[in-house]
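Visitor: Order-wise, the sequence lines are chains A, B, C, D, E and F. Taking our numbering, the leading residue of the first sequence gets 1, the next gets one more, and so forth. Taking our numbering, the leading residue of the second sequence gets 1, the next gets one more, and so forth. Taking our numbering, the leading residue of the third sequence gets 1, the next gets one more, and so forth. Taking our numbering, the leading residue of the fourth sequence gets 1, the next gets one more, and so forth. Taking our numbering, the leading residue of the fifth sequence gets 1, the next gets one more, and so forth. Taking our numbering, the leading residue of the sixth sequence gets 1, the next gets one more, and so forth.
Where hints are given, some of them may not hold.
Stated by the list, open to error - Just some of the chain F residues that point at chain B, by a computed CB distance under 8 angstroms: (1) Leu27; (2) Thr210; (3) Ala211; (4) Leu215.
What the hints contain is simulated information worked out from the structure, not anything from laboratory work. Yeah, the Cβ is synthetic: ideal placement off N, Cα and C, and Gly gets one too.
6 protein chains.
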Amino acid sequence: METGINHYGIGDSIDTYMYIKSSTKALASNGKPFLTLILSDKTGEIEAKLWDVSEENEKTFAGERTVKVQGDIQNYRGRHQLKIRNIRVTTEADGITPADLIQTAPISQEEMMDKITQFIFEMRNPNIQRITRHLLKKYQKDFLTFPAATKNHHEFYSGLAYHVVSMLDLASAIVKLYPKLDKDLLYAGVILHDLGKVFELSGPVSTVYTAEGNLLGHITIMVNEIGKAADELSIKAEEIMILQHLVLAHHGKAEWGSPKPPMVKEAEVLHYIDNLDAKINMMDRALEKVKPGEFTERVFALENRSFYKPNF
Amino acid sequence: METGINHYGIGDSIDTYMYIKSSTKALASNGKPFLTLILSDKTGEIEAKLWDVSEENEKTFAGERTVKVQGDIQNYRGRHQLKIRNIRVTTEADGITPADLIQTAPISQEEMMDKITQFIFEMRNPNIQRITRHLLKKYQKDFLTFPAATKNHHEFYSGLAYHVVSMLDLASAIVKLYPKLDKDLLYAGVILHDLGKVFELSGPVSTVYTAEGNLLGHITIMVNEIGKAADELSIKAEEIMILQHLVLAHHGKAEWGSPKPPMVKEAEVLHYIDNLDAKINMMDRALEKVKPGEFTERVFALENRSFYKPNF
Amino acid sequence: METGINHYGIGDSIDTYMYIKSSTKALASNGKPFLTLILSDKTGEIEAKLWDVSEENEKTFAGERTVKVQGDIQNYRGRHQLKIRNIRVTTEADGITPADLIQTAPISQEEMMDKITQFIFEMRNPNIQRITRHLLKKYQKDFLTFPAATKNHHEFYSGLAYHVVSMLDLASAIVKLYPKLDKDLLYAGVILHDLGKVFELSGPVSTVYTAEGNLLGHITIMVNEIGKAADELSIKAEEIMILQHLVLAHHGKAEWGSPKPPMVKEAEVLHYIDNLDAKINMMDRALEKVKPGEFTERVFALENRSFYKPNF
Amino acid sequence: METGINHYGIGDSIDTYMYIKSSTKALASNGKPFLTLILSDKTGEIEAKLWDVSEENEKTFAGERTVKVQGDIQNYRGRHQLKIRNIRVTTEADGITPADLIQTAPISQEEMMDKITQFIFEMRNPNIQRITRHLLKKYQKDFLTFPAATKNHHEFYSGLAYHVVSMLDLASAIVKLYPKLDKDLLYAGVILHDLGKVFELSGPVSTVYTAEGNLLGHITIMVNEIGKAADELSIKAEEIMILQHLVLAHHGKAEWGSPKPPMVKEAEVLHYIDNLDAKINMMDRALEKVKPGEFTERVFALENRSFYKPNF
Amino acid sequence: METGINHYGIGDSIDTYMYIKSSTKALASNGKPFLTLILSDKTGEIEAKLWDVSEENEKTFAGERTVKVQGDIQNYRGRHQLKIRNIRVTTEADGITPADLIQTAPISQEEMMDKITQFIFEMRNPNIQRITRHLLKKYQKDFLTFPAATKNHHEFYSGLAYHVVSMLDLASAIVKLYPKLDKDLLYAGVILHDLGKVFELSGPVSTVYTAEGNLLGHITIMVNEIGKAADELSIKAEEIMILQHLVLAHHGKAEWGSPKPPMVKEAEVLHYIDNLDAKINMMDRALEKVKPGEFTERVFALENRSFYKPNF
Amino acid sequence: METGINHYGIGDSIDTYMYIKSSTKALASNGKPFLTLILSDKTGEIEAKLWDVSEENEKTFAGERTVKVQGDIQNYRGRHQLKIRNIRVTTEADGITPADLIQTAPISQEEMMDKITQFIFEMRNPNIQRITRHLLKKYQKDFLTFPAATKNHHEFYSGLAYHVVSMLDLASAIVKLYPKLDKDLLYAGVILHDLGKVFELSGPVSTVYTAEGNLLGHITIMVNEIGKAADELSIKAEEIMILQHLVLAHHGKAEWGSPKPPMVKEAEVLHYIDNLDAKINMMDRALEKVKPGEFTERVFALENRSFYKPNF
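With the rest of the complex left out, here is chain A (with noise of 0.2 angstroms):
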């Protein structure tokens, strides 16, 4: 049986080494305060609740640490909560570092990145192949490490490169069976949709929405930086607006935040790759923490739907 947080059932009893997250003081309805604190490990993440806490409690259990904790599995509506009968703060003694404890993609920079330049180097139109090449590369670091999304699909370390990665592997699949599809354009699409989220988004940890991400958003940051980066190329050639539309409409529908449907054909194909992508991997995490001839608790971001696994 698979180890790990996100494996565990209603009634379980754990006592493991955890990363909070993070970690909110509210008041209970008796007046006290207490903590609600966001405990990940490599597979996943569960929220618990600290009661009566002193101030001191909400110091030492305030975000971005590591902790030894027992408790456990309970249902709290329809979700996973963890109650705590004991938590402490790790120490040297433990061995136990952040890195041991947080979701990461299950492949290394070095691989993604290497995956990444070879779909980049066999592209053979040197507008699109110049473009992707040089906005990787301004951003490489970030795109390197940071989640693709706060909460849903690939929110976690390295999740955006994940999910490129495997969207790249969909669209080389895609591309061998309607071969009129131009892969290069695609290729680029599926590198660039999401790079705008390294200015949404605040980071690759305790990650939130910055002013720029709400008030602009990734796509409309992203379509900006290709405009710049052609400039910068001295880059003149309708390879430009269709990258820009390729990203302006990956998320399909003005409603969905796209202010133009696709209107070319790989934009149309990214679009799917993406929805396919991030629906596969919400639908696998629902999952993996029921058995079969359960249903998962409700998935917001699929329409709030519940899944059954089959007993075959």
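Could you slot chains B, C, D, E and F onto chain A? The hints should help.
Guide: Chains B, C, D, E and F only, in chain A's frame:
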């Protein structure tokens, strides 16, 4: 340059053989009868008007007949329309049969059947395999000749089977990238999802909806067929319910005709594969008609969007 | 004045026997466990909270048990809630059985069955009559005891049969006013429309949805059952398809769960009768709890409306 | 077989008297004027085109006149259209009056008035009775001759009164099955709900909307009238407000023209009765035109549905 | 720095006089009663919780009373909440009256009345002028003290009149820029549009909806009032219908409560002026609570948006 | 009475000079070619049909040419249409130039530029001032001649600048009433909000969308331009992001093309000013065509409403 009716542009003259798919009589606004003909060749179809027709014309140019036609392609409200200069029914001397002019799948029925049979052969779950084989065999003849729809996508001879074959290729590629997917279930879903169309539609050519198609629809019909097949094969297993769910949910949302949304992972993926293949098919055909730097006519089934064909 | 839990108002004290329909444990925001009990008598049900429960309490007050309870009715977010002062499990000496406290249809199973049988007896179309009799007989036992839903309306013992009987009376009155209606078809539609609930729901009490109910739904299940019944009775006639359509379309719209809207006159009328009976039932129960000049609590299934009880 | 324009089918020839309900001049796409006539007899109406009309024709065949017409019924975009071969204005010798050809309620104004009077007579609540009698008497003449609408349902002479009479029968049947309903209130609601149409519409024939109808609408107008009537009768009682609410809410939803949804039980039932009678009326007329086994033309006011007439 | 409850931030301590606008008793999740107080001063209001209250507390801190309170402002689900440390009812010695603490319009009733009177005085259309003066005079007392709503915007003492005065200023500025507008009509629309609130709402403080407000609404009520006023003044002119239309249509759309959309130019402009003044009012109050560089709490009536206060 | 094409009514005859804005060839339903001309003078435009055109006619009456035309104004589906009796191309002898007939802003380019320059001059925030001046100067020529749209509102020569000037007046009036508004920011938003139209549209006359306009849209284009301008001016300040937000959000909602809704107060006000000016412009032009007591034709961009012109 490719030839065929789908590759001509506004202003081109044609002198070619075509097949009358349908012929509808109406009154012009001057009170005189005219015929609206849908003419096809292997590459597509076009609307044509025949003005001031006599009763004899009407019979001569009734549907499902091959003709020799001269005329000019014009723009009518953003769509191609053929202005007929001359038209005559073919004679034996022309050496032309409907089969030469009817749009059909690009691969033969035998090849398609072999490919699907191979997918069924490799299934390891005996319940899924038996149900799929049983139903395919039962409706094989119609399955291999029916279109996938009356319009929008794969609306040609053998279009249903061809859509399934393309989707199997997509499913196979996706299963390799996301190995936790149950491939037997997904392949069976692909093969069966639209099989109810052999009840919903009237036949392989001049296809219209049957009363059963209007009142029950191919989804409900097929869910029933799976239930009956299970009875005939004496299979009482959860696989039946899950296969019925895949068929039931493949339109994705209640307002699109699925009374239950996908609630099993393979059902969600099936919905995506179905959409992706249909949409690429529709975009390809719209884009075939335009030159680089132009926009296509609006495609109703793609939210009435118009697509741009880049210059590079 | 009428007695029973549905007739008490805010501020009333009660000292009565009740039945625990369900008991759910949760953690209070002070970290201590409490039980949320749904208590019923013949007139309705009320939510009650039992605070700071021991493990023994938890077992004692698990669901499906009769209790003696003292307490006060209070207002909680616009709804009635019982504040328990004392609660104990009944003993033989109390002379109380669950049947005394479970909400049930106001007429007996025998009377309901007699009435429905009479309606079937009077049908003149043999195909409709045989199918209806066959299916009713096959699922008679569950049909007579199941509720019509888990909540909202007719969610009590024998609620399904009672809803059908009320609808038959409505159908009969309407058929007299609009004599062109096919009454056999309409009555059969009424009797069969919700019969799939015996698969969709888990049983007559503590009712939840089954996996089949979630993945296929009572409409699809019943359409299948009609198809299988036709095979068993060797009926090959249009009546089958039309009856399936009536069941399929009785929710009225795709977004309400009917993949096809009513396209036969009796299907449209069935949809109206179903809604009208359900809505009057819901309004009556909400209005029972308030005094003239007051508004009821909001009724979620009636678009969250609140209803006014006039003073005259 | 029933005769009359609503009972003829495509391809039938007619030679009969008809009434010109309206006549609209327009230009054909060859630049010549033509008239679009709406011709009626007792059973219904049909559109007809008169091509290449002279100025004299135009005057001769202006609206509200009886004619003798020969022609053929044809299919125009899924609807019946009359192709006129001969048309002439009737003379005294024909012995035909408009009253012989205008569609009207199937029972006389006297019978309708008697029936409604009886319902009012039986009311026990004096406030409701007085208001209803007062308003009916005030607008009796128009009430008995106006249609219920310009199109869709009951759009004929005396259609308003006939719709009310049918609804009273329905209300009476429902009140017997659900005796907690306040029947005085419900009957008054039925009688008054559409009375504002005598302001909203221009008259019993060639009916169009008035400016007041467009800017205020029959609902708002009637709510005002109830208020004024109460002042005139010096009734200050809650019944006034509730009756106003019934009228205000009878369209059921804000987006259908009721600024408040039904919040009194009888208001909800009134909304259902209104809809049910209107919809059966619309379905009946569409179904009259087709043979068993056929679908009707699409009915716009029934969500553009087409209805199937079973073969049994 | 500005003082007052609307200007404090999270973490600030207060020691001040406040007015209890409302006091609601509920049970904490530990089963003990507590009070939710809405406390106000001139600048705004804040929610506060008083835990574990005795029956005496409950009476002491019932609504509409002035208190002295010490406590801390905390964050509760993104909103300000006051944690009370001490609270006592004021005595004569405090020298504080409700009028010192109740939020009210920033200009006096007299000034507002003068301004509105001036606008009426300048009207040149006697019908519009007489109706407006008549109705304003009839309901002047309530008009000058009622709030414009129970929440969202202008929900304070004299808020209704203040909203009207601001709108008159806006109307006056717009009329100067678009001189084709009928200014008499527009000003009358502004003055009368919300006057029905004096029926819809219960009074100037602790405001709730009346039964009439719920069942008919201020729009319908006011349209009736205009009709009655016209009768009383024996005005029979189109101005009445148009004024009724302006009031009827001022919410802009059926789903926002206007059964007819604006169909007269001044009606459309009235709708805009109403919205613009209300929205600026709401944004101002949300922005007052935050510092430059911060986002406000979400404002439900502004589509749940959060607003950013720039740093420059 | 005012003269010009926008002031004529149904039945009026005209004999005047007009400008052919566009000319589209199509086939009549009798198979013969005809031209649809859009003819304009200073007051507006009208559609006209020219039947049975020869190839020579086609060339003669191609777009962008001045003509002398006699004809009659008729009603076609609720809209004005000109029935041409005579038409000829003007000669030098007529002494008419396109400038005499093209609809244009009522004030000169110089006046508009002076006014806008004055607004910029008075800005106190140097970052906002420099960006605004820089961009206006860069695109000044096109800004002063382009229309604001291809149809609906301000779709005439210099319409874009005129719309901006009207909005500045509105902004100025509103800023005086709500002095907390940042007027520099609001004025800059007004000046820049639609400047991207100089890329989105093809030019000042016979205006169509460019490929860039279709694929990116004027909002996205202008947000990019602000970013590039900031780089060119080396401005790194929050003002840039906020200005970009104002442009991005000025359509108000995602489904109207703004991927972010207004989240800054001035952005919300900008959205209102833009709408109000556009709507008054559209209503004015529709109302110009009708007499008191009539309704206008339906205006698509105003939710397809028809407007009433009062008699007083």
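Visitor: Which of the numbered hints above does this structure break?
Guide: Of the numbered hints, just 2 does not hold.
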